[in-house]
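Order-wise, the sequence lines are chains V and A.
Residue numbers for the first sequence follow our numbering, so the first one is 5 and each next one is one higher.
Residue numbers for the second sequence follow our numbering, so the first one is 5 and each next one is one higher.
Keep in mind that the hints were calculated from the coordinates and are not lab data.
One should not assume that every hint holds.
Repeated chains share a single entry, so a pair holds when one copy, or any two copies, can fit it.
Here are the computed lysine to aspartate or glutamate pairs in the EDC-like style, where the Cα-Cα straight-line distance is at most 20 Å [stated by the list, open to error]:
(1) Lys-57 with Asp-31
(2) Lys-471 with Asp-43
(3) Lys-481 with Asp-449
(4) Lys-57 with Asp-485
(5) Lys-122 with Glu-458
(6) Lys-471 with Asp-485
Protein chains: 2
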Amino acid sequence: MPSDRTPPIAEDAAERVSLVARRVGIDTYRENVAYLRRDCPVYRAEGFQALSKVEVTATNGEQRRSILAVVNVVDDVRLLGDCDLGLSEEAFAYLGIAEGHPVRIAHAEPPISMPSLKRKIAGERLTHDELHSIVRDIAGHRYSKIELAAFVVATNQFELDRDEVLYLTEAMVDVGRKLDWDEKPVVDKHCIGGLPGNRTSMIVVPIVAAHGMLIPKTSSRAITSPAGTADTMECLCRVDLPFERMREIVHAHRGCLAWGGRAALSPADDVLISVERPLSIDSPGQMVASILSKKVAAGSTHLVLDIPLGPTAKVRHMDDAQRLKKLFEYVAHRMGVTLDAVITDGRQPVGHGIGPALEVRDVMQVLNNDPAAPIDLRNKALRLAGRVLEFDRDIRGGDGFAVARDILDSGRALAKMNAIIDAQGRAAELPRPARLTHEVESPADGTVTAIDCERMARIARLAGAPKVKGAGVDLLKKLGDRVARGEPLYRILTDTTTELAFARDVAVRASGFAIGAPEEIAHGYVEF
Amino acid sequence: MPSDRTPPIAEDAAERVSLVARRVGIDTYRENVAYLRRDCPVYRAEGFQALSKVEVTATNGEQRRSILAVVNVVDDVRLLGDCDLGLSEEAFAYLGIAEGHPVRIAHAEPPISMPSLKRKIAGERLTHDELHSIVRDIAGHRYSKIELAAFVVATNQFELDRDEVLYLTEAMVDVGRKLDWDEKPVVDKHCIGGLPGNRTSMIVVPIVAAHGMLIPKTSSRAITSPAGTADTMECLCRVDLPFERMREIVHAHRGCLAWGGRAALSPADDVLISVERPLSIDSPGQMVASILSKKVAAGSTHLVLDIPLGPTAKVRHMDDAQRLKKLFEYVAHRMGVTLDAVITDGRQPVGHGIGPALEVRDVMQVLNNDPAAPIDLRNKALRLAGRVLEFDRDIRGGDGFAVARDILDSGRALAKMNAIIDAQGRAAELPRPARLTHEVESPADGTVTAIDCERMARIARLAGAPKVKGAGVDLLKKLGDRVARGEPLYRILTDTTTELAFARDVAVRASGFAIGAPEEIAHGYVEF
Numbered sequence: 005m006p007s008d009r010t011p012p013i014a015e016d017a018a019e020r021v022s023l024v025a026r027r028v029g030i031d032t033y034r035e036n037v038a039y040l041r042r043d044c045p046v047y048r049a050e051g052f053q054a055l056s057k058v059e060v061t062a063t064n065g066e067q068r069r070s071i072l073a074v075v076n077v078v079d080d081v082r083l084l085g086d087c088d089l090g091l092s093e094e095a096f097a098y099l100g101i102a103e104g105h106p107v108r109i110a111h112a113e114p115p116i117s118m119p120s121l122k123r124k125i126a127g128e129r130l131t132h133d134e135l136h137s138i139v140r141d142i143a144g145h146r147y148s149k150i151e152l153a154a155f156v157v158a159t160n161q162f163e164l165d166r167d168e169v170l171y172l173t174e175a176m177v178d179v180g181r182k183l184d185w186d187e188k189p190v191v192d193k194h195c196i197g198g199l200p201g202n203r204t205s206m207i208v209v210p211i212v213a214a215h216g217m218l219i220p221k222t223s224s225r226a227i228t229s230p231a232g233t234a235d236t237m238e239c240l241c242r243v244d245l246p247f248e249r250m251r252e253i254v255h256a257h258r259g260c261l262a263w264g265g266r267a268a269l270s271p272a273d274d275v276l277i278s279v280e281r282p283l284s285i286d287s288p289g290q291m292v293a294s295i296l297s298k299k300v301a302a303g304s305t306h307l308v309l310d311i312p313l314g315p316t317a318k319v320r321h322m323d324d325a326q327r328l329k330k331l332f333e334y335v336a337h338r339m340g341v342t343l344d345a346v347i348t349d350g351r352q353p354v355g356h357g358i359g360p361a362l363e364v365r366d367v368m369q370v371l372n373n374d375p376a377a378p379i380d381l382r383n384k385a386l387r388l389a390g391r392v393l394e395f396d397r398d399i400r401g402g403d404g405f406a407v408a409r410d411i412l413d414s415g416r417a418l419a420k421m422n423a424i425i426d427a428q429g430r431a432a433e434l435p436r437p438a439r440l441t442h443e444v445e446s447p448a449d450g451t452v453t454a455i456d457c458e459r460m461a462r463i464a465r466l467a468g469a470p471k472v473k474g475a476g477v478d479l480l481k482k483l484g485d486r487v488a489r490g491e492p493l494y495r496i497l498t499d500t501t502t503e504l505a506f507a508r509d510v511a512v513r514a515s516g517f518a519i520g521a522p523e524e525i526a527h528g529y530v531e532f
Numbered sequence: 005m006p007s008d009r010t011p012p013i014a015e016d017a018a019e020r021v022s023l024v025a026r027r028v029g030i031d032t033y034r035e036n037v038a039y040l041r042r043d044c045p046v047y048r049a050e051g052f053q054a055l056s057k058v059e060v061t062a063t064n065g066e067q068r069r070s071i072l073a074v075v076n077v078v079d080d081v082r083l084l085g086d087c088d089l090g091l092s093e094e095a096f097a098y099l100g101i102a103e104g105h106p107v108r109i110a111h112a113e114p115p116i117s118m119p120s121l122k123r124k125i126a127g128e129r130l131t132h133d134e135l136h137s138i139v140r141d142i143a144g145h146r147y148s149k150i151e152l153a154a155f156v157v158a159t160n161q162f163e164l165d166r167d168e169v170l171y172l173t174e175a176m177v178d179v180g181r182k183l184d185w186d187e188k189p190v191v192d193k194h195c196i197g198g199l200p201g202n203r204t205s206m207i208v209v210p211i212v213a214a215h216g217m218l219i220p221k222t223s224s225r226a227i228t229s230p231a232g233t234a235d236t237m238e239c240l241c242r243v244d245l246p247f248e249r250m251r252e253i254v255h256a257h258r259g260c261l262a263w264g265g266r267a268a269l270s271p272a273d274d275v276l277i278s279v280e281r282p283l284s285i286d287s288p289g290q291m292v293a294s295i296l297s298k299k300v301a302a303g304s305t306h307l308v309l310d311i312p313l314g315p316t317a318k319v320r321h322m323d324d325a326q327r328l329k330k331l332f333e334y335v336a337h338r339m340g341v342t343l344d345a346v347i348t349d350g351r352q353p354v355g356h357g358i359g360p361a362l363e364v365r366d367v368m369q370v371l372n373n374d375p376a377a378p379i380d381l382r383n384k385a386l387r388l389a390g391r392v393l394e395f396d397r398d399i400r401g402g403d404g405f406a407v408a409r410d411i412l413d414s415g416r417a418l419a420k421m422n423a424i425i426d427a428q429g430r431a432a433e434l435p436r437p438a439r440l441t442h443e444v445e446s447p448a449d450g451t452v453t454a455i456d457c458e459r460m461a462r463i464a465r466l467a468g469a470p471k472v473k474g475a476g477v478d479l480l481k482k483l484g485d486r487v488a489r490g491e492p493l494y495r496i497l498t499d500t501t502t503e504l505a506f507a508r509d510v511a512v513r514a515s516g517f518a519i520g521a522p523e524e525i526a527h528g529y530v531e532f
């Protein structure tokens, strides 16, 4: 059996037999499925079973593409002929062939990096080449969910050392696309997440772009939170932009606020996240590799990083925050990114609104210099924008805040935001706050001493955010405010009575607010 | 929304909407799949997505059953109506309803034990109740593959302490079926695996049963090895016996050699193994829980355990073997099982043949007192049988071997084996050794100083074992044998020229035999 490379045994051993490709019209999302009739001669001869992993290969002229898929065995003769290979939607699309095209299948090879994965499971340290090999297999969808989960748990437990994090980050950049903006610096601002209402990007970007620095911001949609920057920006304009359109906008306006999901910037990260989320795993090494690989791939050269610290934030102790900061700094430096990581006050949600439309209202109040604008959102955005502006060699250290405030107060930030919105494609109308409301009242006279970020996020999600743009929670009181018994603490907004009932039920069990004496407020959280 | 228990939020929140059950004739093995049309009103309203996890519930008179399934989205209108819920074969069978029966679906609850799983991922020690709750969720198929892999890797890394292993074992017994033989003692013999040709059970069982002790042996089929006891016994007779038939045979003949897969003795173990195998994870704690849970569930009260130790066996260092032995002893004692664990010589395969039919030949030569019988298989089987016999209070410690030898030499063991074979259902004819052969020759004059068990197993599998009963490897030389250059070391037997070529290729790269001076043979491996 001649071959131009030394093939692994199993590939030789499996006789590849030709079948006819059929699109079965079943969408299995990222999990490729190959459907085979039980009475198919290939199925019988090769000893495939339901859930066997196979490699499906189609040759189309010069092009040869293959995918890995799991076998489902079909008894229904309406669905497939006995020499047909049915393919799920994504699998069919990837092979790029027409129905009826011949395809070959063989028992799948185990991924090349399996020995390295097993070494990591055993707690050993991996080399540069090993981590690159693992990430290539992950990005190539060669890992099963079992193998992905094993990698995520193993790297979570025996924490990756800082060089392993560096190798992982480099590898994640290498397997994806890298954007090039033809000039430097390319600045960016990112938050590690977990703080509801923290929509500073929508204020920082117009300020920085108005100053003339290049800030092509890409954001994610909410996965487990009540709103991501992409969800919120989408209330105002289109965010799903092809890269060429994004480039035009950025060159014309010095900035944008787009959804990053379309660019395939870090495909291995997208695969890993699909496993990390259900396990709620977010170890420091994985977080650093995930964030920095996306930033490097997006072409950023200078980054301000927001690390909120608080009792219900993602990072809960100053020691952990400092260690995380050092790890970000080490990897960023080695990747050639200038990083300014700031530990911020994460004791409570930022601004008043939680949910896309409510957060848009807060952001636009700040940009409009409306006296009703939430002061904490304004101040935090100005501080972060100031840090970004100080990447400009002409701005003296410490002057960034004042420059940012001038740009905001003068209306230039608002004008820039409107230009960006128009360029991206302004929405016909703004989503309104949801119609049905319920106010949660204070059980006692006193001072607001704590607000539970996780609880607020959960209530906002039960109310329908981010799917229902106008739904969410509107905070009427913040940390340190005096309240009287019966006075409303926050308002729940929803579109349906059912959702209102569920969100209210959760709020009744625990409102998420603590009322007490002023000295009970947690201290030691820096205003940077 | 009234309910007779305090329901978790999400269950309330999901409106359960009625659909019509359809059997779609797709076999997805253990992974339940629910097929929904993309234009199904429920799909749209509830925000299900491909790969969403849902709970499907069917009420049939008094009986209410529910399963968890993942959603696949169907665009093909031939397959389903827009108010149909398609179900994969196992899912449909479990619900026990007819086609067209109404079913309801809702977003699935996360498994109750998720917080405990997350504690284990974080490296914490779990309590009795936590491990029971995890095992209940696993046996109830409530864990996704991601969650299963996370559990397996987390318990592999932060090794379970011995009480955690005990709790895990107890829990695995609790969720399954337990066999009751109405008398005591019920004796058993088990090997932890990894040694090719180690078919002692087929000799131990007839000896022990001929002595009159109750030995209802259940064995597994090969998963990654070239033959399991069930595969080998199947050359001689039926092994897939319903429990009632097994009970009749055992009561009539004092023993059996059946396949254990039918009894659902430790369903959680079956689920865990499906994840451990692809990751090649076999940590001490998981091994002990897996083996002892199956033995307790099978009703065994006394167990002789074979722990082979050797450079290419499963356990490779005496320290590890001793630690594993202590762990088995601790858990067995707490579970009320009398255990005699013996560390055996695992430096080379046992007997001559590797592969079902070749191993049957070896076993029958021993039982027939054939002078050609492999002496190491005979001796090991007699020693293990002797240990089992010493569970009989009337046999003095140290006398077991001699009693076992008498039973074997007198032909009583052979007569008992024939009685068991007839009772289980004798095969019409014995499978013959495969037709095509290739002999691997010694590259030099010298002594056989090592035989690689893993290599031999791999070559036997490439030759077709256990699927092709007559295929495998026949060892012509063993450790310590003198060989001349060009003299055959072993014979590869297969049914097809392709398989012969692959097996031979692997043997050419490394034969698995080391030829050297007698003093190079590894020492320190006890004959127990």
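Consistency of the hints with the structure:
When the C-alpha separation of Lys-57 and Asp-31 is checked against a cutoff of 20 Å, the pair qualifies both within a copy, at 18 Å, and between copies, at 14 Å. With identical chains, the CA atoms of Lys-471 and Asp-43 are at most 20 Å apart between copies only, with a shortest distance of 19 Å across copies and 45 Å within one. For a Cα distance limit of 20 Å, the shortest separation of Lys-481 from Asp-449 inside one copy, 13 Å, qualifies, whereas the shortest one across copies, 90 Å, does not. When the C-alpha separation of Lys-57 and Asp-485 is checked against a cutoff of 20 Å, the pair qualifies neither within a copy, at 59 Å, nor between copies, at 42 Å.
Within a single copy, Lys-122 and Glu-458 get their C-alpha atoms only as close as 36 Å, which misses the 20 Å cut-off; across copies the closest is 17 Å, which meets it. Proximity of Lys-471 and Asp-485 under a CA criterion of 20 Å is satisfied in neither setting, with 31 Å inside one chain copy and 75 Å between copies.
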